[in-house]
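2 protein chains.
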Amino acid sequence: MDTIGEFRVLANDRQARVGELVTAHGNLTTPIFMPVGTRATVKAMLPEELKTMGAQIVLGNTYHLHLRPGEEIIHELGGLHRFMNWDGPILTDSGGFQVFSLSQLRKLTEEGVEFRSHIDGSKCFISPEKSIAIQVALGSDIVMAFDECLPYPATREATLESMDLTLRWLHRSKAAMMNPDQLLFGIVQGGLDIDLRLKSLEQITSVDLPGYALGGLSVGEPIELMHQLVAQVAPQMPPEKPRYLMGVGTPLDLVLCIDSGIDMFDCVLPTRVARNGTLFTWDGRVSIKRKEYQRDPSPLDSTCQCYTCQNYSKAYLRHLFMAGEILSSRLNTIHNLHFYFELIRCCQSAIREGRWDQFRHNFVTRFVKNRVSS
Amino acid sequence: MDTIGEFRVLANDRQARVGELVTAHGNLTTPIFMPVGTRATVKAMLPEELKTMGAQIVLGNTYHLHLRPGEEIIHELGGLHRFMNWDGPILTDSGGFQVFSLSQLRKLTEEGVEFRSHIDGSKCFISPEKSIAIQVALGSDIVMAFDECLPYPATREATLESMDLTLRWLHRSKAAMMNPDQLLFGIVQGGLDIDLRLKSLEQITSVDLPGYALGGLSVGEPIELMHQLVAQVAPQMPPEKPRYLMGVGTPLDLVLCIDSGIDMFDCVLPTRVARNGTLFTWDGRVSIKRKEYQRDPSPLDSTCQCYTCQNYSKAYLRHLFMAGEILSSRLNTIHNLHFYFELIRCCQSAIREGRWDQFRHNFVTRFVKNRVSS
Numbered sequence: 004m005d006t007i008g009e010f011r012v013l014a015n016d017r018q019a020r021v022g023e024l025v026t027a028h029g030n031l032t033t034p035i036f037m038p039v040g041t042r043a044t045v046k047a048m049l050p051e052e053l054k055t056m057g058a059q060i061v062l063g064n065t066y067h068l069h070l071r072p073g074e075e076i077i078h079e080l081g082g083l084h085r086f087m088n089w090d091g092p093i094l095t096d097s098g099g100f101q102v103f104s105l106s107q108l109r110k111l112t113e114e115g116v117e118f119r120s121h122i123d124g125s126k127c128f129i130s131p132e133k134s135i136a137i138q139v140a141l142g143s144d145i146v147m148a149f150d151e152c153l154p155y156p157a158t159r160e161a162t163l164e165s166m167d168l169t170l171r172w173l174h175r176s177k178a179a180m181m182n183p184d185q186l187l188f189g190i191v192q193g194g195l196d197i198d199l200r201l202k203s204l205e206q207i208t209s210v211d212l213p214g215y216a217l218g219g220l221s222v223g224e225p226i227e228l229m230h231q232l233v234a235q236v237a238p239q240m241p242p243e244k245p246r247y248l249m250g251v252g253t254p255l256d257l258v259l260c261i262d263s264g265i266d267m268f269d270c271v272l273p274t275r276v277a278r279n280g281t282l283f284t285w286d287g288r289v290s291i292k293r294k295e296y297q298r299d300p301s302p303l304d305s306t307c308q309c310y311t312c313q314n315y316s317k318a319y320l321r322h323l324f325m326a327g328e329i330l331s332s333r334l335n336t337i338h339n340l341h342f343y344f345e346l347i348r349c350c351q352s353a354i355r356e357g358r359w360d361q362f363r364h365n366f367v368t369r370f371v372k373n374r375v376s377s
Numbered sequence: 004m005d006t007i008g009e010f011r012v013l014a015n016d017r018q019a020r021v022g023e024l025v026t027a028h029g030n031l032t033t034p035i036f037m038p039v040g041t042r043a044t045v046k047a048m049l050p051e052e053l054k055t056m057g058a059q060i061v062l063g064n065t066y067h068l069h070l071r072p073g074e075e076i077i078h079e080l081g082g083l084h085r086f087m088n089w090d091g092p093i094l095t096d097s098g099g100f101q102v103f104s105l106s107q108l109r110k111l112t113e114e115g116v117e118f119r120s121h122i123d124g125s126k127c128f129i130s131p132e133k134s135i136a137i138q139v140a141l142g143s144d145i146v147m148a149f150d151e152c153l154p155y156p157a158t159r160e161a162t163l164e165s166m167d168l169t170l171r172w173l174h175r176s177k178a179a180m181m182n183p184d185q186l187l188f189g190i191v192q193g194g195l196d197i198d199l200r201l202k203s204l205e206q207i208t209s210v211d212l213p214g215y216a217l218g219g220l221s222v223g224e225p226i227e228l229m230h231q232l233v234a235q236v237a238p239q240m241p242p243e244k245p246r247y248l249m250g251v252g253t254p255l256d257l258v259l260c261i262d263s264g265i266d267m268f269d270c271v272l273p274t275r276v277a278r279n280g281t282l283f284t285w286d287g288r289v290s291i292k293r294k295e296y297q298r299d300p301s302p303l304d305s306t307c308q309c310y311t312c313q314n315y316s317k318a319y320l321r322h323l324f325m326a327g328e329i330l331s332s333r334l335n336t337i338h339n340l341h342f343y344f345e346l347i348r349c350c351q352s353a354i355r356e357g358r359w360d361q362f363r364h365n366f367v368t369r370f371v372k373n374r375v376s377s
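Residue numbers (this note's numbering), protein chains in the order written: chain A, 4 to 377; chain B, 4 to 377.
It should be emphasised that the hints constitute simulated quantities derived from the structure, not laboratory data. Even for Gly, the Cβ is constructed at its ideal location relative to N, Cα and C. Keep in mind that a hint or two might mislead.
[Stated by the list, open to error] Here are the computed lysine-lysine pairs in the DSBU-like style, where the Cα-Cα straight-line distance is at most 35 Å:
| id | chain 1 | residue 1 | chain 2 | residue 2 |
| --- | --- | --- | --- | --- |
| 1 | B | LYS294 | A | LYS292 |
| 2 | A | LYS126 | B | LYS294 |
| 3 | A | LYS294 | B | LYS110 |
| 4 | B | LYS110 | A | LYS54 |
| 5 | A | LYS294 | B | LYS54 |
| 6 | A | LYS372 | B | LYS292 |
[Claimed, not checked] To be clear about the criterion: a stretch of chain A counts as covered by chain B if any three or more of its residues have a C-beta under 8 Å from a C-beta of chain B, and this derived list gives those stretches:
| id | region |
| --- | --- |
| 7 | 45-52 |
| 8 | 323-335 |
Between the sequences and the hints, there should be enough to build the whole structure, so can you do that?
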């Protein structure tokens, strides 16, 4: 019998690994990419479509759902799973990142953060206890601790102070957890300084939790610094727990960070750029609005098994995008998410079959051979 | 063996009738509602979704497709069916209505209409021959003759002149038809004057064609005048040919005009208002943004078999609409189109089973009992 929160490493190849995490709504195979359903919907997608493409889990956003429609309403209606018609696992972030990036007039105290809603300017307050209470009301399977997210760059002194506050908030987050079926993950901060990151890692892992995340990355720093930091920190994270790199990233980021031992990723990138007409292929990014596609009868990627590539030409995708049709967002999102899930499936197989290094090398070489890619 | 263009009346009840029209891409059962795919997509929908809901045919728009991406491109790519991945019948309008309603700086001559594109202001010209050539290039199954659409109201003299021009253009449209698999329908004009309508009907039906349409209605006139006119004109249209009421209408319009003997309808209404949060039920229209739905766990219509009503609460639909999510347009469009197709299926059954009058009476009484409805 599986125990909720159990994590098993099934295969290793270099630092990369395949694992399995048990949640209340099913088991997850890692490495995993988690599509972002900010406001109780992965933009433009139905739950059934996500499942068909291979999504195992979706993200919900505590900050957005708290402001609209409000967690009491979602709780009354049977929780976030039922509200959005998704019966698989759900991870909710803590709201910390959005409070610090989206809202105005923040006032930070030991107790928590006062801020104004980016929607209507109304005054709100989130503390560790409040963030957990919201996530408990939403009923998510994986709950993120409430942390302070410093902007990039930050001074060493500010980072140290922030890390200490984040640790005190983690203790309060853990104390507020009521439901053993919901798994609390702690978030390692510490900016881009390796010493501070390792210190934060030590602080956060001093609290026994079912998983740990790296936060505060992909916030504007040069991407090479992020890759370097993850390469140094991820292998130091507890190997018997899932390692989650928050808010990352591009296909290249995924492969490089899996190579460093990361297990879980989430990012709005594939869905957001899809709506802007950017599509991912094994040869890098493609902008569907390119004039040369106007009469092109071929699919975006003739080797791709996604619904979009199986049924539509580049010319049609270009037409829909130029005309601003909703179907453009749908077909592009289907392709990009399919690409991410397929990439992850390929990573899993390569790790299981002991050919990770070769796969990684081939992928990186092919994907970045034109400079548009990243 | 079915002959393309053949129309069989299968059942009559009062003026209402059930029929079957043979097209190159399959047979249509009438009465029929045809969803509008203006720019080679029924907004927010996949072809497979339309089929699942019961769509038999979709509309394409000659004016829009001529301007973007251009009919030569679509032809090169295998025609409109292949371009948009729809293998059922397609009807294209002639572009006349859009030339007269959307474009600027029109110059009307005997030869045709010069106008400027509403997209980029470029100069364009459409004649009957050009309209047919575009529709032939698109490869539609039902082709509409190019007619002049007068604004409402128009003088008797202007209407008479316009009718004569429309007749001359019909002869030219027919002469331009090359492919016997494409069915040309003529369009009866004549404004709201019954005498002029009957005269136009006589003119247009003097040309032997596989179907006839009533055009120039639902252009701003009081809806009661439209109902009255259709009640007088439709029964005079050739009973052995399909009768198509262009650009109409609401569920009430459909039932009343089926009662007058109309067989075919098209309208952007169910898809357009869906995106604006208005949903159809057997009890009239509902605005999903109503505050009272904020915590409502029930489906929009608990008797409805559509995907939306089977899986989502009013509270969720309201949330998606308020948040401006693409999924709002999708779920609302699914519901409204399902409602239209279900209404049409009920009409067909009632006519076949000889209970049309009762059905019509019950529907109208229930649907209009609250004044929001129409």
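Go through the numbered hints given earlier and state which of them the structure violates, listing their numbers in rising order.
-> 1, 4, 6
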